[in-house]
Amino acid sequence: MPARVPPLGSPSFTSSTQERGARVPVNRDFIGRQYPASTTYEVGREHVRRFAEAIGDTAPASLDVEAARALGHPDVVAPPTFLTVLNFRFALEGPVADPALGLDYALVVHGEQSFELHRPVCAGDVLTSVQSVTDIKDAGRNELILTATEVTDAAGERVATLRSTIVSRGTAAPRPDRQEAS
Amino acid sequence: MTEVGTELPSVTFTITRADLVRYCGASGDFNVIHWNERVARAVGLPDVIAHGMYTMALAGRVVSQWAGDPGAVESYTVRFSRPVVVPDDEAGARLQVSAVVEELREDGRAVVALTATVDDAKVLMAARAVVRLP
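So the sequences go chain by chain: A and B. Each residue of the first sequence is one higher than the one before, starting from 126 at the first, in the working numbering. Each residue of the second sequence is one higher than the one before, starting from 5 at the first, in the working numbering.
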């Protein structure tokens, strides 16, 4: 029986219902494509707290407004990796969720991640982003999909740059010129 | 006094299935391999694995706690070198994180190198954070 995944509104997030073992290469026409977010993402005070709690982070500035203000922030400060929430929200309308990319999400593992925070992210920020596919390439029998997300605030100022490498396990096209390692 | 070679307090984290479910909800990443053993095995994984982002977030706590302000972390980069397998028991996986100041920059930033292991195997490689010092 195929697994059922919570309905997140994206076909790729139900990809585990696809037939397994197909391991088809992803569509490299996606290199260079850009995906501006269709809406804004509002950083909520309770969400910052909930995220901090989920990672066991007890930093007062992430939980308590007064503690944040004492450090000079306008409101509770998001933990450094919080923008993964925004990344996931907008991933649903980005390349990874586009069925035409041909990615089976159950075959995906995270390869690399970086956060460059041009300023702290705080509750009350109204953010938007542009995702882009910077490269797709083989790494042995796997494929690497490199994406970048530029996050800006309501004033149009740069807030953060996120770079991700995701690994599509075992989907690289067989190459006759290369000995297939196990 | 912070100097090159200063070691940050190291921390051992326990990661259980319940932690992964909580992180699914907080992050929005509901990839089945993080909560469904049957699907994880069907796609060739040894068991349910932790979100790389969850491992990254736990390791990051060592840095932000040392900095005293989560807003002082200006960049944070990791490579996920091996999955953190999380068995369906109370013990879970034990993630050990240590960190050391690798560089002090003239602009008042410290570059911190992190080491994260499970069962003595590195699960993060090339993990670096740049922190603004007070």
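Derived by calculation from the structure, the hints in this document are not laboratory data. Bear in mind the structure is a predicted one, so any value in this text is a computation, not a measurement. It is possible that part of the hints are untrue.
As the list claims (entries may be wrong) - Computed cross-link-like contacts, SDA-like style, restricted to lysine to any residue with a CA-CA straight-line distance of at most 25 Å: (1) K126(B) with D263(A); (2) K126(B) with G265(A); (3) K262(A) with R283(A); (4) K126(B) with A179(A); (5) K126(B) with M5(B); (6) K262(A) with W70(B); (7) K262(A) with G157(A); (8) K262(A) with S102(B); (9) K126(B) with V292(A); (10) K126(B) with P224(A); (11) K126(B) with W70(B); (12) K126(B) with R288(A); (13) K262(A) with P224(A); (14) K126(B) with G157(A); (15) K126(B) with R283(A).
Structure-inconsistent hints, enumerated in ascending order: 3, 5, 6, 8, 10, 14 and 15
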